[in-house]
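So the protein lines, in turn, are chains A and B.
For the first sequence, the numbering used here gives the first residue as 12, with consecutive numbering after it.
For the second sequence, the numbering used here gives the first residue as 12, with consecutive numbering after it.
Don't read these hints as lab results, they were simulated from the structure.
Any given hint could be a false lead.
In this list, chains with the same sequence are indistinguishable; a pair is considered to hold if it fits within one copy or across any two.
Unchecked claim - With a Cα cut of at most 30 Å, we get these calculated BS3-like pairs of lysine-lysine:
{"hint": "1", "residue 1": "258", "residue 2": "276"}
{"hint": "2", "residue 1": "40", "residue 2": "117"}
{"hint": "3", "residue 1": "313", "residue 2": "145"}
{"hint": "4", "residue 1": "47", "residue 2": "124"}
{"hint": "5", "residue 1": "218", "residue 2": "328"}
{"hint": "6", "residue 1": "40", "residue 2": "106"}
{"hint": "7", "residue 1": "328", "residue 2": "28"}
{"hint": "8", "residue 1": "28", "residue 2": "47"}
Here the structure is a predicted model, which means the values were calculated and not measured.
As a plain string of letters, each chain reads:
Number of protein chains: 2
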Amino acid sequence: MKIPDLSTIEEAAERIKGQVHRTPIFTSKSINELVKAEIYLKSENFQKAGAFKFRGAINNVLSLTRDELKHGVCTHSSGNHAQALALAAQIVGIKAYIIMPENSSKVKINAVKYYGGIITFCKPNLASREETLKKIQQETNACEIHPYNNYRTIAGQATSAKELLEDINDLDYIMVPVGGGGLLSGTALATYYLSPKTKVIAAEPEKANDAYLSFYSGKFVPSVNPQTIADGLLTSLGSLTYPIIRKYVHQIITVREESIINAMKLVWERMKIIIEPSSAVPVAALLESASCHNPKLEITGKRIGIIISGGNVDLTKLPWLNS
Amino acid sequence: MKIPDLSTIEEAAERIKGQVHRTPIFTSKSINELVKAEIYLKSENFQKAGAFKFRGAINNVLSLTRDELKHGVCTHSSGNHAQALALAAQIVGIKAYIIMPENSSKVKINAVKYYGGIITFCKPNLASREETLKKIQQETNACEIHPYNNYRTIAGQATSAKELLEDINDLDYIMVPVGGGGLLSGTALATYYLSPKTKVIAAEPEKANDAYLSFYSGKFVPSVNPQTIADGLLTSLGSLTYPIIRKYVHQIITVREESIINAMKLVWERMKIIIEPSSAVPVAALLESASCHNPKLEITGKRIGIIISGGNVDLTKLPWLNS
């Protein structure tokens with residue numbers, strides 16, 4: 012397979028239409044006034060399974076051959092991809108084998124079970140996750156669906172930016188958070204094809220700045236022991252996402268933890284929508300830029316789309332209650 | 012003035028169009044499965060100033076005579092009506108004098124200030140509130156806009172049910188919370204005129220059950236020292252709202268505090284929208300009905316609209332974190 016071109020993304024959009032929600036776009040007069048820009052939040056927190064991840068998962072599942080379908084799908088994930096893949100598999104009536112670390116939160120385990128995922132627990136480290144996945148794959152012949160390092164996943168995630176660009180004209184920037192880079196690379200490709208004047212800006216926690224370092228050094232830097240509340244952004248870039256990001260993304264901005272918490276609370280308070288910490292990272296970049304005399308990004312008067320990646324939050328552990 | 016008839020409500024809708032948001036209606040497959048009914052949430056938490064109260068406030072302000080406009084408006088309120096009236100006044104460029112108890116939360120005081128309201132503090136009891144309001148009114152000649160006991164307020168609140176009935180056909184029930192009864196009486200009138208087969212059901216906290224007692228005894232019962240987390244539902248019915256409710260509402264159901272907390276958390280988790288405790292009260296009635304062999308309300312298979320009254324919550328004081 013090759014890097015998704017425009018027709019690949021259009022085919023993905025057509026394939027998953029009817030299965031994904033065309034998510035709403037929210038605006039807030041008071042946040043616009045605060046940051047002196049026009050902000051459009053493409054709200055994937057209202058996507059099925061609560062995050063954009065469902066787009067990539069269902070695009071994969073609907074692309075499987077009849078033979079592949081028989082054996083089901085598998086992945087290792089402690090987060091939104093696990094739920095997304097379980098639901099996608101449930102929709103087409105196949106099995107989803109999900110490898111989860113044994114210390115995963117009960118909320119996440121229950122969500123995967125709710126969507127009919129078959130869970131195998133492993134030790135909470137990458138080696139054990141990969142080993143357990145390999146074992147399950149050998150036993151079941153299930154098809155591995157990678158959460159980001161997979162062109163079908165990337166093409167699926169690209170459909171969110173496609174919808175945003177169809178709905179809102181003349182965006183100066185599209186901003187997304189970056190973890191493994193599936194959403195970012197999909198967004199960058201869709202934007203390059205559909206609205207080349209729009210710049211794609213990634214936002215990343217300062218304390219998990221591997222994509223930032225990789226992007227500006229030109230040398231892949233893995234994520235080592237990241238310490239951020241943005242729990243969807245802990246992973247390293249992938250071998251497929253990194254080159255796309257290097258080529259098609261305009262800028263990566265890092266933000267402080269405090270800004271992420273403030274941004275998350277601001278969106279909850281003013282917009283009445285629940286966004287997870289990872290989704291608050293691009294909003295944090297706006298808040299930091301708006302309160303700085305020499306900002307990393309010039310936002311005054313700009314039209315800015317943000318893809319709100321998800322809304323899966325443990326409501327008993329809100330970051331502003333810890334301080 | 013007389014009880015709003017259909018044309019009064021239609022005129023109100025026309026008057027406030029362009030100033031109010033036509034709020035979205037949300038559904039949730041998983042909550043539908045849980046309660047075995049089709050639920051439609053008309054989300055006034057996305058209304059300007061975060062609650063349905065803006066409808067009544069702006070309908071009043073836009074109905075003022077040129078002479079009345081000069082002197083501005085006034086009210087006493089510690090809650091959503093204060094913000095709504097301040098914003099409505101700001102929009103038409105007049106003054107809003109808001110009497111607030113001196114122990115009001117900082118969040119609420121700041122919100123009223125944000126919308127340009129002129130705050131006078133009073134002692135936290137009804138006598139002081141009314142006395143202070145009278146004094147301010149004498150000083151300023153401002154027009155008092157009552158939060159619920161006012162036919163223009165009621166006609167404004169009725170426009171939410173009107174929109175819901177236009178957007179969703181064949182509802183079996185419309186459910187709303189009841190405090191002073193402005194939303195309930197407006198909803199009951201709109202439904203009676205526009206969809207007489209739809210039953211209007213109010214939900215009220217068991218620990219603030221004055222509307223329930225008034226409704227079924229036929230004798231007005233005031234709210235005395237109510238103890239509920241649904242802080243929008245503490246007031247007594249009004250002399251204008253009570254007769255409308257007696258005549259046009261089909262049933263009032265009381266619910267336990269625990270159910271209100273569970274319902275609020277459920278909507279946050281599954282639907283990713285922030286609703287305040289008062290808004291969770293009708294959802295709590297559904298949860299109690301769904302888990303009971305002999306429910307107060309038969310909901311299985313029914314099509315049920317709920318007006319989500321607002322989303323103004325102190326995010327540092329979430330009720331499920333207290334237990």
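Each hint, compared with the structure:
In this assembly of identical chains, the alpha carbons of residue 258 and residue 276 never lie at most 30 Å apart, being 33 Å within a copy and 43 Å across copies at closest. With identical chains, the CA atoms of residue 40 and residue 117 are at most 30 Å apart between copies only, with a shortest distance of 21 Å across copies and 37 Å within one. Taking the shortest alpha-carbon separations for residue 313 and residue 145, neither the intra-copy value of 47 Å nor the inter-copy value of 47 Å comes in at or below 30 Å. In this assembly of identical chains, residue 47 and residue 124 lie within 30 Å of each other by CA distance solely across copies; the values are 20 Å between and 44 Å within a copy.
With identical chains, the CA atoms of residue 218 and residue 328 are at most 30 Å apart both within one copy (20 Å) and between copies (28 Å). For the identical chains of this complex, residue 40 and residue 106 are inter-copy neighbours only, at 21 Å across copies versus 45 Å inside a copy, given an alpha-carbon limit of 30 Å. For the identical chains of this complex, residue 328 and residue 28 are neighbours neither inside a copy (35 Å) nor across copies (40 Å), given an alpha-carbon limit of 30 Å. In this assembly of identical chains, residue 28 and residue 47 lie within 30 Å of each other by CA distance solely across copies; the values are 27 Å between and 35 Å within a copy.
Of the hints listed earlier, those the structure fails to meet are numbers 1, 3 and 7, in rising order.
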